[in-house]
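A.B. asks: Using the hints, position chains B, C and D against chain A.
Number of protein chains: 4
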Amino acid sequence: MSILADLMNSLIDRNYLRFSTVELDNRSLEDLIGDLLSARGEVSGMKMAHQVLDRYEGFTPDEKKSFFKLLRSRLDIDPKLVRQALDDYEAHPSKAHYAAFAATAEPKRQELIRRLNQTDGATHRLVKMRADLQKMARQESDLEVIDKDFKHLFESWFNRGFLVLRPISWQSPANILEKIIAYEAVHAINNWDELRRRLAPADRRCFAFFHPAMADEPLIFVEVALTKGIPSSIQSVLESDRSETPPKQADTAVFYSISNCQAGLAGISFGNSLIKQVVTDLSRSLPNLKNFVTLSPLPGFRKWAKSCDREEELLVSEQARALAAEYLLLAKGTGFLPLDPVARFHLGNGALIEAIHSQADLSDNGVAQSGSVMVNYLYDLGRLTANVEKYSSLQEVTASTSVKTLARQAQKRLETQTSRKSIHA
Amino acid sequence: MSILADLMNSLIDRNYLRFSTVELDNRSLEDLIGDLLSARGEVSGMKMAHQVLDRYEGFTPDEKKSFFKLLRSRLDIDPKLVRQALDDYEAHPSKAHYAAFAATAEPKRQELIRRLNQTDGATHRLVKMRADLQKMARQESDLEVIDKDFKHLFESWFNRGFLVLRPISWQSPANILEKIIAYEAVHAINNWDELRRRLAPADRRCFAFFHPAMADEPLIFVEVALTKGIPSSIQSVLESDRSETPPKQADTAVFYSISNCQAGLAGISFGNSLIKQVVTDLSRSLPNLKNFVTLSPLPGFRKWAKSCDREEELLVSEQARALAAEYLLLAKGTGFLPLDPVARFHLGNGALIEAIHSQADLSDNGVAQSGSVMVNYLYDLGRLTANVEKYSSLQEVTASTSVKTLARQAQKRLETQTSRKSIHA
Amino acid sequence: MSILADLMNSLIDRNYLRFSTVELDNRSLEDLIGDLLSARGEVSGMKMAHQVLDRYEGFTPDEKKSFFKLLRSRLDIDPKLVRQALDDYEAHPSKAHYAAFAATAEPKRQELIRRLNQTDGATHRLVKMRADLQKMARQESDLEVIDKDFKHLFESWFNRGFLVLRPISWQSPANILEKIIAYEAVHAINNWDELRRRLAPADRRCFAFFHPAMADEPLIFVEVALTKGIPSSIQSVLESDRSETPPKQADTAVFYSISNCQAGLAGISFGNSLIKQVVTDLSRSLPNLKNFVTLSPLPGFRKWAKSCDREEELLVSEQARALAAEYLLLAKGTGFLPLDPVARFHLGNGALIEAIHSQADLSDNGVAQSGSVMVNYLYDLGRLTANVEKYSSLQEVTASTSVKTLARQAQKRLETQTSRKSIHA
Amino acid sequence: MSILADLMNSLIDRNYLRFSTVELDNRSLEDLIGDLLSARGEVSGMKMAHQVLDRYEGFTPDEKKSFFKLLRSRLDIDPKLVRQALDDYEAHPSKAHYAAFAATAEPKRQELIRRLNQTDGATHRLVKMRADLQKMARQESDLEVIDKDFKHLFESWFNRGFLVLRPISWQSPANILEKIIAYEAVHAINNWDELRRRLAPADRRCFAFFHPAMADEPLIFVEVALTKGIPSSIQSVLESDRSETPPKQADTAVFYSISNCQAGLAGISFGNSLIKQVVTDLSRSLPNLKNFVTLSPLPGFRKWAKSCDREEELLVSEQARALAAEYLLLAKGTGFLPLDPVARFHLGNGALIEAIHSQADLSDNGVAQSGSVMVNYLYDLGRLTANVEKYSSLQEVTASTSVKTLARQAQKRLETQTSRKSIHA
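Protein chains in written order, with my numbering: chain A, 63 to 487; chain B, 63 to 487; chain C, 63 to 487; chain D, 63 to 487.
Here chain A stands alone, though its shape is the one from the complex (with noise of 0.2 Å):
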């Protein structure tokens, strides 16, 4: 074992040796790219590499703009040696032929960007970089097709073969909680006393996804409390003078909380295996849990009721349950997929709705967003694959019989108000 654990120490030791600034020489950008694209030299390769880097994080916006221009208009494929390479391959389908096609079909910033990833440390560096070119590319739509190159690279890189699965607790480093408190998207933690409640009492877990070469910083994680039957409201999970459940009481994992780390990771999917490898990590350790569910916001709930004039509805506890219910089974968006983003998520990963509750989320975003309403989604290990499958090719949403009774319900209020107002019309 220790092999491993020194490889990963020696990761920290380059983090050190990453700060170590590299002398800037007075090339052009444009010089010392090309010079790098055409290094022979592994390590006059990574001089140059570190240089890129260094020069870019040292860039104004606009500097950083040109920098890209210059990859999409300098480096970009060049369609003619492509069609001439591909009909000498066509003739003639050897490896030479297949290489040289290979070479022109790829764009040489796909090989920059490759290069650029040889020095310590650079793998963070490029998901910052591309995290400003999203930026960018939402004003200059020109640049989208960079961060197409970026996207392919990053999901050969960040392959979920390569990623770790790890607990986070009361016992992690500092430097990586400090990142869980920065990151934190769902229910805000607001400093080390509520991060200690998240982490350290017995009946709280945490895990999360690392990539090896960026190994002090987390890229999702999720958050569990362990619980005897299952919570309907994020209130009672979070509560700071709740009494401990002895984990070996439990019968519930909760996972109350779900967050992205690295924007420069945008739609790169690897957080789709992570609930389900927890439940089955869970599992192992805890025999004795039954159900594994989230608690999870409906971020587009409240939007969607306004927009179809229902919102009184959100009023009445039982009426927003239900309405909720026909929003998740009911509202469509895109492709027939859920309107709801969570939902879509989680139905993608094979859960199914399992309830809704009021009342369930009463800090100011919980009501903005979600009227107050939360619901479970429940991963059964036994069932997910067949709810994937008709999920993803005949877009069925699977739910517990009471949600969509609720649904139902939700629907048939719709009908008799409308039909009502026709009446009064």
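Careful, some of the hints might be misleading.
You can't tell identical chains apart in this list, so a pair holds if it fits in one copy or across any two.
[Claimed, not checked] List time: in silico SDA-like cross-link candidates among lysine to any residue, alpha-carbon distance up to 25 Å:
#1 K210 x E173
#2 K170 x K210
#3 K127 x R372
#4 K157 x V341
None of these hints come from the bench; they were simulated from the model.
C.D. replies: Frame of chain A; chains B, C and D shown alone:
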């Protein structure tokens, strides 16, 4: 630091899991691959990937060949589609068109390989798959094209920035050490006692590159002896009853054996920075070290001498050294580069030829290939970049004055003999 | 978790340092010891301690004996002083008088041993010193008194609460594994291949106790086989071409070898909880395990049979089993405890005698000592405490019905034979 | 290395287990203690030990006192028995008589404490028990005798050779770091942001001693600032917007805060080698460091100045420095040692008084105790031993010339004033 140790420990745990066999279903391989390529759910994709790898490993050589043929024929690019997408992109260089072009210009087998890599432990399995493929491609040149795809992906995955340099010692895990025994390619290690003699003494070091996704498999390793003065034969380095040099008294680090471990990673360059990084690490921990040299074979020397009809010169030690100098400095192959592959490796890294020794490797192999001659390449950190520059742009070989003098002696002898022969003729 | 890993890594680093030799000065040993005992500065004390240990290890056996004699004569208690201090304390039981009494009642050599232990790596050196001492004390009973002091301190230092149980596997460091080879005392491990067969298969386990101050030295270890059913011979457990049992299918854990590693820790009891803790750990990770048994030799059996003139019964398997049962149940030594030392160990831990097998150990040693018979002691966690109770207060040996029946058969045979003999006489 | 990391990880696992409560039975405490002392089975002994500790921790202060009284009265030595055993030993100094004497001369409560220590996590619980005891012994001097026994055992257990020095950083586990916040005794750390400023910057270091059986509890720690030049005030070291010194440019390591963490380890000396070892480690990793100094308070200075009626001199910076010099060099307490406890600590370690600064600690505490004066003690590795020697045998205080000059100035001023006063009188 802990999270990293944890991180790697969990990789180990996954090693156990990896062997859990997935139940094979009765889809045809082709269908299975098709389903994997179209799978949306990450979880079901991982299961299918696992199954493809399991099936592959159970294949006979003929079945393996069929599998590769399938990749070749069914998952190649479609020139017609590429051309269409290229036209579209040229006409309207939008993100959508770019994405469409990129999707058609990359053969589907690359996506297949990436998806196979999503399961735990897959990376090493794919490396071994490529080793199979390379063997087959020697007979079936048709398959070379696929090898290009593997290589393309591996270059991205085994990016220098993802590798970790770790010391290997007698404290290292036995499952790693048995691989050092197996992979040592230069001076064979016959058993654990010999291994112990290479690793345990205070004046011995060993370093290897690892990839986090193959954490118990070294990729390349180098064995180092700490000595007083530069040794002139491998016998003196390896003799079993030598007296140890206290590390603080050593002034020289000798790299006497470098071995690549993974046939399936042939052509992926990550070894170039190995020695440089080891030199950096050793300098820091043992500031008294002044010389960093290899003690290297000349694997093509004897063959070349025979081809020039000059094997006789090997019989006299002094003449053998001179001939070796000539061989290293003047015998050229493709691209005006040195004929000798080991010379190409070290010169390409920026080392220079420091000294040449006869009677330096009396092993069967050493006599058969190198005529018992060995060479010290010198790594002088301050001069590496300049040397690489001269070598790669001008094909200029840097050597010490004494080595150059030796080469001149050999040439003089040749001229004399030639003229003598012509006189006698 | 990290700080702990760090913590232990630093113990390793200290191992390197420990070998840095301290310059020996030319004080006499006696002066040096005197100075060490009166040293106030911790730093100078550590230097002197280091020096005493270095000198000791360079001693000839005679010099070592003189050293121990010195401890015996010069650093013993002074009865006169003890008596005085005792009188004072009895008259005025103040802290000062108590301290004075404690100081005189403890021989100065105990303080010496404690001070010697202040240097890094000293604990193992002192353990080896005691091993020397024990050997000498067999001839020089005068030295036995010193051994008592070592034992007293070691019992405090090797307190069960300071020990750590760790799995040993094929992933363990080679420097630990070579000690497993060296220390295996029951079924010899002849080389690394045999070791690999004991550790690497999925159905094998090994556990050892370690002390943090001797982190690369196991104190005691146990080898475990996971099997279906309780095995009836060591051959079936160790045969090299057996097929592995998938751990999840095993119902039995067999403790087939337990070895003490440190002669210098003789008489320090820490092995008793070893098996119990391993049983607890295994039950947790493999809930399908139902039986926890040893497969143990009967080291005194053959000798005892000879002493009773009943060796003949060993020739017939069934009679051998019965005789072994009688031996284990009825042959008593000091304190009415079983004659057999291995029986005393397991019965003292609360195990019971479950089954007896003939032809079960065909090795030279197995035949010579145990007449090829082996025994399964059963560890039933629920009954351990009750068994210990009965055994230690009443000397009652717990055994299965079938073993008791066997013992009765042996006795019956003895009676029959005796009466027959008396008839013939 | 792995086994060690493993080893410590398992200590952590045990931490979890430790909290598993043992069911309390209804024996009286006295019976339970009696049973524990006579227990033969290690396993049942551990259970009883666990129970005694659990009961103790549930006690009211009065019950705790009764518990200690019990140890005092029932588990003390019996002078009659001691005398008898001593006579026997004197008459026949055999091993048996020695053992008998040793057994009677040691009070049974020592064996009790050792047995309590057999359970996991017991060491820290016993350390806290002694902290209780010490508080009570201040009122009940009768209990002081028991404290002596705890101290005797702790000196053995917390032997310098068992301790491990570890760096503490912002990468350390949060559960350790929260203890640094809690235990900081010199310059308070008020929250996590302040802690981060003490640990995260490149020019800050922190080191702590740990005991493996209390792996998540620091015993003593020191905070270090790397600076250019020796700082003359704590404000400059701690100011929040200072610019960081790149470690390679620093020439001085400043030990500006040293805190003991465990009240229950009072009087156990293990801090003496702390600074020496940190100096050694820092010198190795940062060879550019030339000065190793403390920046220390003079906790008894103001009180002493008042007692001499010389507080007025504190008003003028220069006079304050001179007076402080006089205080450190000439104000003596018990055994002719310096009055100031911090001075005693550093001088006892071999440091010398290098410089004295006024206006150096403007915190409430710094003004109240030290009159805002601080002192640099200098650790010069080459001179430590000689200094300790002079200090411990001759009570001679080593100081720089400038500090000696300051002290003379203060004395001269005193003489002048005295004579002036006498003239005026």
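A.B. asks: State for each hint whether it applies.
C.D. replies: Outcome of the hint check:
1. K210 x E173: So K210 and E173 pass the 25 Å test inside a copy (14 Å) and across (15 Å) alike.
2. K170 x K210: Answer is both: 13 Å inside a copy and 17 Å across each meet the 25 Å cutoff.
3. K127 x R372: Cα proximity of K127 and R372: none, with 45 Å in one copy and 63 Å across.
4. K157 x V341: For K157 and V341, the Cα distance exceeds 25 Å both inside one copy (46 Å) and across copies (38 Å).
Consistency note: the structure conflicts with the earlier hints numbered 3, 4.
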